[in-house]
Amino acid sequence: MSAGSGKAYTIDAQGLDTRRLNQELRKIVNNGHREIELLNVTGQRYIAAGLKGDFQIDIDGTPGNDLGAFMDGPTIRVHGNGQDGYGNTMNSGEIVVQGDVGDITGLSARGGRIFVKGNAGYRTGVHMKEFQGSRPIIVIGGSAGDYLGEYMAGGVVLLLGQGLEGNHQADFVGTGMHGGVIYLKGEVRGIGREVAILDITEDDRRFIEELVKDYTKHFNVDVKNVAEGDFKKLIPVSSRPYGTLYTY
Amino acid sequence: MKSYVLPDFNVTIDRETCTVCRGCVIQCTFNVYSFNKEKNRIDIDMNKCVDCQRCITFCPEDSITVTPTPIQYRQNASWSRENIRNIAKQAEAGGILLTGMGCDKPNFTYFDRLLLNASQVTNPSIDPIREPMELRTYLGSKPSLVNISSTGESLTDISLESPQLQVEIPILFSAMSFGSVNLNVQETLARTAVTSGTYFNVGEGGLNPKLNKYADHLVLQVASGRFGVHKGYLDAGAAVEIKIGQGAKPGIGGHLPGEKVTEEISATRMIPQGTDALSPAPHHDIYSIEDLSQLISAIKEATDYSKPVIVKIAAVHNSAAIASGIVRAGADIIAIDGMRGATGAAPQVIRDNVGIPIEMAIASVDSRLNQEGIRNKVSLIAGGGIRSSSDVVKAIALGADACYIATAALIAMGCTVCQKCYTGKCPWGIATMDPMISRRLNPDIAAKRVENLIRGWSLEIKEMLGGMGINSVESLRGNRHQLRGVGLTERELEILGIRMVGS
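Chains as they are written, first to last, in our numbering: chain W, 1 to 248; chain D, 1001 to 1503.
Just chain W, with the same shape it has in the complex:
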């Protein structure tokens, strides 16, 4: 470990196990460093789990599962592919992944934003919820797997369908969804009983364009190419999907 060039503090993660890497990270954050660079990351999990504050972490390599779990504030940029559970139960902050991510991205997130340049795995945005001012947002450049937005209780998932040939292979989209919205370009295989597909409004389009701008900025791609095409939105039919289940 050494202080890198410029203001950024660099940690060489080679040979560091998850626990020691996070210990180092917590230490330098507590010492007031606001720009941190992690090099040679090879699958270490829970990076930045539970970290709170306004600082940024740049990661070179492939971080393991649960990056930014319970995180509250930081910005994490992954210069490579990601794995499962990024932003698990995140409160606020931003995660930007230059490649693809695995399953359950943004599980139960309550705030913050996740940008993925490529594709996401299964159960993206599952159980995501919003509360007062916080509204979690997940933007996926490509496509996502089954159970997209399952049990979603709030927040936004935007699927841009970049490089998609044919339809999204996602089935059971929005199963159990009772809040929030999923925007997507292209068709999905199937949707849950609890959601309806609608055309987007002018407000929706403006909102999508804002997110697309951020997406193109993060990943240095052309705005027009991304923003064109027909978007649809999926919203829950009811905020009380299981209202008649019980006999008292």
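Where hints are given, some of them may not hold.
Heads up, simulated DSS-like pairs for lysine-lysine below, C-alpha to C-alpha not over 27 Å straight-line [said to hold, decoys possible]:
(1) D:K1210 to D:K1048
(2) W:K27 to W:K52
(3) W:K233 to W:K213
(4) D:K1213 to W:K52
(5) W:K52 to D:K1210
(6) D:K1425 to D:K1037
Incomplete in silico selection of chain W near chain D, CB under 10 Å [as the list claims (entries may be wrong)]:
(7) T10
(8) N22
(9) A49
(10) D84
(11) M90
(12) L107
(13) F131
(14) E150
(15) A153
(16) G190
(17) I191
(18) L245
Worth flagging that the hints you see were computed from the coordinates, not collected in a lab. All of these numbers come straight from a predicted model, not from anything done at the bench. Even for Gly, the Cβ is constructed at its ideal location relative to N, Cα and C.
Based on the hints, put chain D in the right spot on chain W.
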């Protein structure tokens, strides 16, 4: 549609002694009583009675009587009153039957078939009045080896690797979430946890800021809905519990209907007002022991390994194998909730037919972990059907480190187990969020009552320990020599790990 469901209870008022004070009208939250102005008397609608006994307790003239209704279906061993009623109810409403509290079926309660040992001549009993009796115990993973220097100091700092929960009595208050019970109840339990030197589990409904001052005595739950779970929440308590299952409803999730998600519930659970609070049975990031291990580790990383992580499961057929996996997943404490465990709301068919009694679960888990040589890596909390201090002692002798109690604490506060928790109308001000009814529970008085219960049980546990010639809870744990079974089959005795009475 005319209801074919007959009233459960017969309510009568002795008109001779009744002063028409209208106390019963005020006390009954189910509206059994109403004041008839013309006749200047109390009218009764016994169809609505749940037999909570609130009116009887508060009637100044002792004028009220509640008895099981004499109207009976024709005697039939197969078609019991309950079977007929339930079908009638479902024929009317067409949904899942809900119920509150624990299983009320006469399923085996093994505790009642276990007898404790007492020292006589060959080993001396201990007089708990004169001699120190140690009820304190520590919950958490213990190291396999402790290095002691020649001067007697411990070279292994166990606190570094595994934080422990220190309990002054081997009893903790089990999870009861804000929403299922009100803040008065939570405050009562949190306060009693402080004065009695133990912990209260706030359940999965988030942490109300009014409980922050009791933080050192709180266990905070992480369930599949992740309600109210954030960095500050994880940091606030003494331990974090991942809830996988619950004894009253194994394999079943929680579900707070949208109309109950009020402003206060919404703020505590950190979800929008008026939407269903769905907490499905599966955690969608846990489909294997490896996944569970990941959530345990994520919580430990997020809290810098400063607090133990509890994993709570319902007692089910293969609990022992599951527990073995949970230990290997890195949990510090496993809480096992037996099938008689209570709840605010569960499908009746699940509550009464799924799971196994806690006695069997705790005994088989303890044996299995011992056989595998990993019992030290975890502490066991037994819950679900602990009704008395003797149940606590027997559970510990069967292998538990401590017990979770919930219904017993609620009964100490006034609960009469009318089993209508899910209606939100609890006449004793416990399982209700109605601000007016909630005021019936005064935390000052209730805390004193629960504290008294804990004190009484502590004294009894000391008496039982002393009688066995044991002076600490630690020495009782898994000490099955102190138990004998009566009226049990050989196979049952074998699973419990105990011998028959007389042998």
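Results for each hint:
1. D:K1210 to D:K1048: 35 Å, violated
2. W:K27 to W:K52: 13 Å, holds
3. W:K233 to W:K213: 19 Å, holds
4. D:K1213 to W:K52: With Cα atoms ~22 Å apart, K1213 of chain D and K52 of chain W stay inside 27 Å; holds.
5. W:K52 to D:K1210: 23 Å, holds
6. D:K1425 to D:K1037: Status holds; Cα separation ~26 Å.
7. T10: 21 Å, violated
8. N22: The hint holds - N22 of chain W has a Cβ within 10 Å of chain D, the shortest such distance being about 5 Å.
9. A49: 4 Å, holds
10. D84: Interface hint status for D84 of chain W: holds (8 Å vs cutoff 10 Å).
11. M90: Constraint on M90 of chain W satisfied, holds at 9 Å.
12. L107: 5 Å, holds
13. F131: 4 Å, holds
14. E150: With a closest approach of 7 Å, the E150 of chain W hint holds.
15. A153: 6 Å, holds
16. G190: This hint is violated: G190 of chain W lies away from chain D, its Cβ roughly 18 Å from the closest one there, beyond 10 Å.
17. I191: Violated: closest Cβ of chain D sits about 18 Å from I191 of chain W, beyond 10 Å.
18. L245: This hint holds: L245 of chain W lies near chain D, its Cβ roughly 6 Å from the closest one there, short of 10 Å.
Comparing the model with each numbered hint stated earlier shows that hints 1, 7, 16 and 17 do not hold.
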